[in-house]
Amino acid sequence: MNPSTRHVLEFILDNLVWFMLVFVLVVFSLFIPSYFQLGIFANIIEASSVLGVMSIGLALVIIAGHMDLSVESVAALSAMSVGILFCSSGIGLGIQLHPEWLMVPVSLLLALAVGGLIGAFNGFLVVKVKMSAFIITLASYIWVRGLVLVISGGRSAQDLAPAIRWFGIQRLIGLPLTAWIAIACFVVFSLIMAKTPFGRHLVMIGGNETATFRAGIRVNRNLIIAFVLAGAIAGLAGWLLAIRTSGASANLGAGFLFNAFAAVVIGGVSLKGGVGTLPGVYAGVLLLSAINTAINLMGLPANFTLVIHGLLVLAAVLLDAFKQTIRQKLA
Amino acid sequence: MSEPLLVLDNVTKNYGAIEALKGISFSIGKGEVVALLGDNGAGKSTLVKIIAGGLEPTSGRMLFEGKEFLARSPAEAKAAGIETVYQDLSLCTNVDVVANFFMGREITRKVLGVPVLDERAMEAVVSKALANAGTRIPSLRTNVEHLSGGQRQAIELNRFVHWGGKLVLLDEPFAALGVEQTRRGLDMIRQVANQGIGVVIITHIMQQAFQVADRIVVIRQGVVAGDVARNKTSPDAVINMITGETLAGAGPAG
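Residue numbers (this note's numbering), protein chains in the order written: chain A, 1 to 331; chain B, 332 to 585.
Because the hints were derived from the structure by calculation, they are not lab data.
Hints may contain errors.
[Said to hold, decoys possible] Each pair of labels, with its calculated beta carbon distance range:
id, chain 1, residue 1, chain 2, residue 2, range
1, B, P446, A, F124, 21 to 27 Å
2, B, V456, A, I135, 24 to 30 Å
3, A, Q328, B, T439, 45 to 51 Å
4, A, K128, B, D340, 28 to 34 Å
5, B, E387, A, F124, 19 to 25 Å
6, A, L9, B, A452, 27 to 33 Å
7, A, P99, B, E387, 56 to 62 Å
8, A, A315, B, P469, 34 to 40 Å
9, A, H7, B, E396, 44 to 50 Å
10, A, H7, B, V456, 24 to 30 Å
[Said to hold, decoys possible] If you want the footprint, here are the derived chain A segments under chain B, 3+ residues with CB under 8 Å:
id, region
11, 26 to 39
12, 216 to 223
[Unchecked claim] Incomplete in silico selection of chain A near chain B, CB under 7 Å:
id, residue
13, L271
14, G274
15, P279
Owing to the predicted nature of the structure, the values given are computational and were not obtained by experimental measurement.
Virtual Cβ for every residue (Gly too), placed ideally from N, Cα, C.
Extracted from the complex, chain A is given alone in its bound form (with noise of 0.2 Å):
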């Protein structure tokens, strides 16, 4: 095969999700009346922010070899932290603060804390007890959710505080700042991982753990760094979801897990890891979100939904098969 034909096949696999979300987009406007429009697509960018935020910090971790399961369950606990706290109705406490602005870095505080000490803990029982992070996460993902149902009592917070809440509200170019904040999330940990030395190292990490440590890279510490920085991300997804739902049910974010899943394997990071960047899962993230609001626009029974993420997670495994089966003809 000649270089040319390589690099353009490359660059196809490289950016396989941006092609995916052009040509989904343009059917769906093609075929769907009134999908077309500025407002469906704010609503597709606002729809992906708590999701968008999940995935970064899942991606983190799987980019280094790893895997956290717990990310759905750790937003559910920050967002119940957060909506005992500040929510005036059901669970709610109503703490006020004076003045009142100061309750909105004292519960993002609070999530990104929540979240960052399960993802120490994961981190140190992954690296340091050297367990298998799939097992470790799976067992958080299971009582971290445990302990969402025991503070909450089963029973749901309501009204969470406005000054928290204008960030839901207030808009920017269109856009709520909870979307702001998700894409300023995804410039951030992009930057990272693609120009500074820890992303590179985790990129390294993911693809030979053994190569990096005899490098002299403290392939341990870094390891951890990326289970606390997905804790505490999923942490804020957590903060964003208790702003967009005005609150916390003992059942948020239910499902989170395998969309946030679905759409970082969509998005190209290899589960084998070491392969993948995050521009492609914030475009994996959106092809989720345009394809959940054409299910609502087609007036499809909402139980659908689940069959096709379902149906979505293994065509993106399989894809994943199926690139390192092409990019292994190409090597």
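Since chain A is already given, all that's left is putting chain B on it; use the hints.
Okay, now just chain B, sitting in the frame of chain A:
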């Protein structure tokens, strides 16, 4: 022999009840090339890993530049100036040549106080280093997975030549190289040694050992079975030491 760079004094390594190294003592001088020979399972790779910080010895001590030395991690060995090229290549095939060359030692510049990779500076260094060594790789931005075995090994070898340090450990570095590349690799080793860097090379190929080494150390069943200057021995005598037909510790023979 010149001033000793690294001295091993009765270094042992046990894996449970198995004694992989039963007490290894020898030394490496500055600018000296030592070929480490021995049959499979003699303990050569174990020894290299102990010096390189990949394994901790069970007992014994090491002196590096006259000071007590023990590397608890490859990072510590590297900081002390010990570079290692392993038998199974230590490259990340999912990133490009430049990233591999600088693995763990990236050149950065500060942007708003944040270290940012200086790709241009790194690429310039790599292209210069590879050109000096006469290695041709089509694009430094190609992921290593697309390169041939020989090209990969060349990257590893150029990497150690570039970073140098004080002591270089090579564990069968030429396994995937062709004739011409092997010759160039052996030249590189001499060139590195001439800069005053100590070199330990593990090889199975007697001819290579005799081409490049100043001294030949043979390990057999976890002990030093022979430690002789190259010009005072012969391939046949060394083979006898490896297989054990000569008594352990016997000096020049034949």
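Each hint, compared with the structure:
no., hint, result
1, B:P446 - A:F124: 21 to 27 Å, "26 Å, holds"
2, B:V456 - A:I135: 24 to 30 Å, "43 Å, violated"
3, A:Q328 - B:T439: 45 to 51 Å, "33 Å, violated"
4, A:K128 - B:D340: 28 to 34 Å, "33 Å, holds"
5, B:E387 - A:F124: 19 to 25 Å, "23 Å, holds"
6, A:L9 - B:A452: 27 to 33 Å, "31 Å, holds"
7, A:P99 - B:E387: 56 to 62 Å, "57 Å, holds"
8, A:A315 - B:P469: 34 to 40 Å, "35 Å, holds"
9, A:H7 - B:E396: 44 to 50 Å, "49 Å, holds"
10, A:H7 - B:V456: 24 to 30 Å, "25 Å, holds"
11, 26 to 39, "violated (count 0)"
12, 216 to 223, "holds (count 3)"
13, L271, "13 Å, violated"
14, G274, "4 Å, holds"
15, P279, "17 Å, violated"
Hints 2, 3, 11, 13, 15 from the list above are not met by this structure, while the remaining hints are.
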